[in-house]
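Under this note's numbering, the letters of the sequence shown match residues 665 to 783, in that order.
Don't read these hints as lab results, they were simulated from the structure.
It should be emphasised that the depicted structure is a prediction, and the values quoted were computed from it without experimental measurement.
We put the beta carbon where it would ideally sit given N, CA and C, even for glycine.
Careful, some of the hints might be misleading.
[Claimed, not checked] Simulated restraints on C-beta separations: (1) G772 with L676: 16 to 22 angstroms; (2) N750 with D707: 34 to 40 angstroms; (3) N750 with L710: 28 to 34 angstroms.
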Amino acid sequence: MAEILCVDDSKLQKQLLVKYLKSLGHNTKEADNGAKALELIGDDYLPDVIFTDLLMPEMDGFSLIEAINKKGVNIPTIILSTHIYNAMEKRGKELGIIGFVKKPFQFGEIKESLDQALS
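The task is simple: from the sequences and hints, build the whole structure.
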């Protein structure tokens with residue numbers, strides 16, 4: 665059982681993801697944007713994996729990962745995005761992103777990415 669942080673400004677997408685991850689037996693926490701997610705991460709809470717949207721208000725997914733990296737914390741992260749471009753993939757690799765899953769996602773893609781992140 666893993667601790668998973670789900671970050672997305674789309675309530676529906678986040679609910680679908682959380683429900684699926686819980687059905688697999690994982691614990692989840694939720695945040696509506698990168699800034700709120702960053703507030704959760706600290707001594708009291710370090711998720712095993714983060715699923716994050718890329719484009720969100722206040723703080724986007726890349727800025728979230730940069731801020732986590734500056735804290736000296738390494739958390740496997742998977743980006744969920746409606747559009748995935750080569751430049752995004754390149755930037756993601758530079759930041760150490762485990763992978764990208766295109767929205768609307770399939771549960772099999774989520775499971776595959778999660779298994780990779782936890783291995």
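Against the structure, the hints:
1. G772 with L676: 16 to 22 angstroms: holds, 19 angstroms
2. N750 with D707: 34 to 40 angstroms: Holds, at about 37 angstroms.
3. N750 with L710: 28 to 34 angstroms: Given a distance of about 31 angstroms, which is inside 28 to 34 angstroms, the answer is holds.
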